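Chains as they are written, first to last, in numbering that gives the first Met the number 0: chain A, 0 to 163; chain B, 0 to 214.
Among the hints, a few may not be true.
So the derived label-pair ranges between C-beta atoms look like this [claimed, not checked]:
| id | chain 1 | residue 1 | chain 2 | residue 2 | range |
| --- | --- | --- | --- | --- | --- |
| 1 | A | R158 | B | I190 | 39 to 47 Å |
| 2 | B | K112 | A | Q114 | 21 to 29 Å |
| 3 | B | L136 | A | R158 | 54 to 62 Å |
Note that these hints are calculated values from the structure, not bench results. Here the structure is a predicted model, which means the values were calculated and not measured. Note that the Cβ used here is the ideal one computed from N, Cα and C, for glycine as well.
Residues per chain, in single letters:
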Amino acid sequence: MNKELEHQFVTELENNQNIVHKVCSLYTNNRDAHNDLFQEITIQLWKAYPKFRGDSKFSTWMYRVALNTAITLYRKSKRRPATYDYDSVVYKISAEEYDPTQEQQLSLMYSAVRQLSDIDKALVFLYLEDKNYSEIAETLGISEVNARVKMNRIKTKLRTILNP
Amino acid sequence: MLDELDLLKKDWQKKETNLPRLTYEEIYKMIWKKSSSVVRWIFYISIIEFLLPHLLYLIPSFRNEMDYNFAKSLGIDNWIIALTIVQYAVAIYFIFQFYKRYREISVLDDAKKLMNKIFRTRKTVKHYVLFCLAMVLLIFGVFIVGMALDDNLVETLNLNNQNVAPDQLKWLLIGVMTVAGILFTGLLAGIYFLLYGLLTRKLSRNYIELKRMEA
Numbered sequence: 000m001n002k003e004l005e006h007q008f009v010t011e012l013e014n015n016q017n018i019v020h021k022v023c024s025l026y027t028n029n030r031d032a033h034n035d036l037f038q039e040i041t042i043q044l045w046k047a048y049p050k051f052r053g054d055s056k057f058s059t060w061m062y063r064v065a066l067n068t069a070i071t072l073y074r075k076s077k078r079r080p081a082t083y084d085y086d087s088v089v090y091k092i093s094a095e096e097y098d099p100t101q102e103q104q105l106s107l108m109y110s111a112v113r114q115l116s117d118i119d120k121a122l123v124f125l126y127l128e129d130k131n132y133s134e135i136a137e138t139l140g141i142s143e144v145n146a147r148v149k150m151n152r153i154k155t156k157l158r159t160i161l162n163p
Numbered sequence: 000m001l002d003e004l005d006l007l008k009k010d011w012q013k014k015e016t017n018l019p020r021l022t023y024e025e026i027y028k029m030i031w032k033k034s035s036s037v038v039r040w041i042f043y044i045s046i047i048e049f050l051l052p053h054l055l056y057l058i059p060s061f062r063n064e065m066d067y068n069f070a071k072s073l074g075i076d077n078w079i080i081a082l083t084i085v086q087y088a089v090a091i092y093f094i095f096q097f098y099k100r101y102r103e104i105s106v107l108d109d110a111k112k113l114m115n116k117i118f119r120t121r122k123t124v125k126h127y128v129l130f131c132l133a134m135v136l137l138i139f140g141v142f143i144v145g146m147a148l149d150d151n152l153v154e155t156l157n158l159n160n161q162n163v164a165p166d167q168l169k170w171l172l173i174g175v176m177t178v179a180g181i182l183f184t185g186l187l188a189g190i191y192f193l194l195y196g197l198l199t200r201k202l203s204r205n206y207i208e209l210k211r212m213e214a
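Work the whole structure out from these sequences, hints included.
Structure representation (structure tokens):
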């Protein structure tokens with residue numbers, strides 16, 4: 000791997016790191032685990048980078064590698080304590096748009112999403128990232144129809160978690 | 000009623016500014032770190048599993064038990080040689096298969112295909128381990144049959160100055176060998192399936208969920 004490739008990769012990842020952070024925030028509960036998963040995704044992205052031909056956007060390609068790492072390849076690190084310390088860190092409330100009721104509802108929504116299974120989280124993540132059903136289906140290896148059906152089930156599940 | 004997820008989606012896309020931000024140097028350092036992915040673990044553990052049956056020969060007591068001269072005196076030496084050749088041939092085949100499948104694992108596949116390939120790779124090792132367990136049992140079996148058919152077993156082993164009747168001693172030895180064979184195979188199987196289960200627990204759960212979606 001030459002210097003130029005390293006530089007190109009790190010620059011691309013630096014510019015698109017939000018995608019990876021978002022995946023990490025969905026699949027981990029604390030800062031250590033977040034960093035651990037971020038590192039593993041970075042390693043996987045870098046290993047696969049020579050195969051990235053630029054026929055798709057770097058960010059599109061990242062979704063697949065990042066989710067595959069989170070769902071399949073990542074093994075939880077031992078140093079992970081079982082506490083939640085995220086809500087205060089990542090999901091800070093922007094003061095100018097503060098709306099107590101809506102904020103409370105959103106916070107409930109986020110914690111509901113966290114209770115979903117790994118696969119359900121992947122679907123929700125891609126949905127929140129505004130991917131269409133054909134992209135969601137392609138990333139997970141399921142049919143588009145099933146992606147839609149599954150998404151509707153998740154919506155119902157979330158509703159049940161929110162209004163028990 | 001407004002779709003809750005769409006409300007979340009709007010908020011999600013505003014969150015960008017609140018996410019952590021790593022510098023170029025921090026990311027650069029990360030690309031040289033070692034991966035601790037399940038695939039890497041599977042690779043290392045599989046190598047150990049491939050080597051384990053061969054490493055056992057390094058343990059003196061095991062080597063003595065499977066002593067070639069003992070086999071020779073029982074008249075089963077040709078059987079043992081034949082079984083060893085088969086074992087190595089099959090091991091080479093499995094290692095080749097394993098490597099081929101391992102190379103096919105790509106993080107660029109879709110989630111289901113990726114999981115499927117990991118399981119296929121792991122299955123190669125599983126079949127190899129089952130084969131080895133069968134071989135271990137078979138080798139014990141050959142020894143036991145050899146011992147049972149040997150009319151002068153006690154003399155063969157130079158044990159005839161004991162206070163026990165030779166015939167009784169012979170069956171005792173066969174009994175010990177049988178129990179040892181079963182316990183040893185059981186122990187190997189236990190270690191293997193424990194490792195296998197621990198390694199692929201999360202993977203299995205997610206794979207089953209994806210497959211169920213398509214059912």
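The hints, checked one at a time:
{"no.": "1", "hint": "A:R158 x B:I190: 39 to 47 Å", "result": "46 Å, holds"}
{"no.": "2", "hint": "B:K112 x A:Q114: 21 to 29 Å", "result": "27 Å, holds"}
{"no.": "3", "hint": "B:L136 x A:R158: 54 to 62 Å", "result": "55 Å, holds"}
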